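Sequence lines, in order, name chains A and B.
Here the first sequence stands for residues 1 to 276, where the numbers follow this note's numbering.
Here the second sequence stands for residues 1001 to 1357, where the numbers follow this note's numbering.
Accuracy of the hints is not assured; some may be wrong.
Claimed, not checked - In silico lysine-lysine, DSSO-like type, Cα no more than 30 Å apart, as pairs:
#1 23/A - 1318/B
#2 88/A - 1127/B
#3 274/A - 1081/B
#4 1181/B - 23/A
#5 1299/B - 88/A
#6 270/A - 1299/B
#7 88/A - 1076/B
#8 23/A - 1317/B
#9 274/A - 1318/B
#10 1181/B - 1127/B
#11 270/A - 1349/B
#12 165/A - 195/A
#13 23/A - 270/A
#14 274/A - 1299/B
#15 1317/B - 270/A
Worth flagging that the hints you see were computed from the coordinates, not collected in a lab.
Bear in mind that the values here come from a model prediction, so they are computed numbers and not experimental data.
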Amino acid sequence: MDNNYLPRFVRIVGIQTETYDTKSFELEFVESSAKEGFRFRPGQFIEAAVLGVGEAPFGLASNPNHPLTFRITVRAVGSVTEALHQLKIGEWVGIRGPFGNGFPFDEVKGKNILFIGGGIGLPPLRSLIEPMLDARSEFQDIQILYGARTPADLVYKDRLLEWEKMKDLRFMMTVDVGDATWVGEVGVVTTLFPKAEIKEENTVVFVCGPPIMIQFVIQELIHLGFSPGNIISTLERYMKCGIGKCGHCAIGHKYICLDGPVFSYQEMMKLPEKVV
Amino acid sequence: MEKYSLRKADLNRWIDSMIDRCQVFVPSRIEEEIFFSPVDEAPEMDLLGGTAVLPYLPPKDIVFPQSEILFSYSGKGEETKVEVPEGPKRGLVILGIRSCDTQGIFWLDQFFQENFNDFYYSRRRNKVTLVTIACNQPAKNCFCICCQGGPFLGSESQNFDIQLISFQDGYLVECNSTQGKELIDMRPDIFFPPEAGMEEIRFHLEEESQKKFLPAPTSYMSTAIRRITSNGIPPELWTELGERCFDDGGCSFVCPCCSCFGVGYLANDGKGYHYRYWDSCGYAGFTREVSGHNPREEKGERFKRRFFHKLSYQYLKKDGRIGCVGCGRCITACPGEVTMPLVVERIRKAQEAKYFK
């Protein structure tokens, strides 16, 4: 019988400082048996442990087509994330997973794809954006709208610049509050909607970000005529086990760790608690 | 199902044989209360009679300990060593478990063994044989009859190993599993084919017992299930009931079905362990996030959560039964008296008062 509570160990092979409080960690399995890499689906998550400090869930933020190393992007907000930030290249982290349902991929082929990310909500979307770009011809329009509080809060800055230059991808970003160096758009992410000329027809939207942003984005999308089934987002709850046992992340009879974290707005509306 | 008769005078001989091979837990009197305790000799007889003397706690901790080490570790990097503590080596027998608690273990089985099979639960559970004693008499707070939790386990119930039914001077022994059969096969000298007429008397006893349970606080479970399933209970009722909750977690800890846990981490000098411990959805911290945001800040919300898990059809479908077996322990434990029967009654009265649309 598998023991799903036992971590497997990964080595940190790269650290990228994203913002003043956020770092990305590039990870690879230490066991030689795991050299074929880490098989996961876009939108799935892992539990990462610093032994003795604790364990916390992180959305996988890298391209599942390149499984030899994988990435998590971590904002230092609590004891586990702060302990992760102290780690150096070569140090070990315990991980469990991948867990969760993940984003639909084959199901949305042939559609227009609209990504709307806010702040630290971009990392999980990136695990879907990259494989979609790998299979570019199988999707219609792909558009990414990204917002952050300030220019200092933007993650993956190098990659954002590449996305901006790509011809078969429409990319726009904005910040709530600019600074002296910022010459781009200013305003919350929904202010990009008119300029972005988003259209409802044959479009599936993937939304990820802080709860307040998700709430306003969904409101606006519904206002524009999007059907709740075509708005796909992720829910977050405090969780411990990742395998539907500890009970912390349950909403109604759904467990965010098992039945989610990805839900359509249509599914969210059926839950017996208000989630957005 | 195989059936035998066992003389009461032979019960202790059987228990002694079990003790030779297994760790045997029986309801044992400690001061004024009764607890499941491991014994090394056969116990007092009265605790195994047909009268429901309900142990203060269900035997849940035998399969799901209140706290349990998941693994210990030492070292860093290449030197990291992780160790999983060993599970029980010997078989475990829970003897004298009541019907309600047997159904409680059935609920835990369904839950822990679905989807991801819980390693720690299953390695204990797989060692456990249940010898259930059917109840001829209710105890003070029993309402198992409203929850398909007893007082007898029917033959359709697959989840007991052995059920003892107490007669005047003997037991009718119903055996439902190979683990149960192994216990019986230890003492072929004391188990006999049932005597003529025993079967009829069994059903007569069950009927008589059911009648005695009926005047107990009959809970109108079906109304509550219907209302909770459709999310049709006014928030103000939850708020009012929640106000009487002391956030003490008592109901969860004494409940045979409650299974939520937290995970803790201990480190000292490069060594430590990760462990899990019983938790309760009644605690404010149960859903509080690192940012301080808490999706169930209100007591009423937490109260609603508890009863949705226990009584919604969504969960009933998932787990095979409602999450209450009618043992009545929450009645003993809750200082605010917001117990299962009370909540169910309030939902019914709210309906009668046209509280609902």
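Cross-check of the supplied hints:
no. : hint            : result
1   : 23/A - 1318/B   : violated, 40 Å
2   : 88/A - 1127/B   : violated, 44 Å
3   : 274/A - 1081/B  : violated, 44 Å
4   : 1181/B - 23/A   : violated, 59 Å
5   : 1299/B - 88/A   : violated, 43 Å
6   : 270/A - 1299/B  : holds, 22 Å
7   : 88/A - 1076/B   : holds, 13 Å
8   : 23/A - 1317/B   : violated, 43 Å
9   : 274/A - 1318/B  : holds, 22 Å
10  : 1181/B - 1127/B : holds, 14 Å
11  : 270/A - 1349/B  : holds, 27 Å
12  : 165/A - 195/A   : holds, 18 Å
13  : 23/A - 270/A    : violated, 36 Å
14  : 274/A - 1299/B  : holds, 15 Å
15  : 1317/B - 270/A  : holds, 17 Å
Going down the numbered hints, you'll see the structure goes against 1, 2, 3, 4, 5, 8 and 13, while the others check out.
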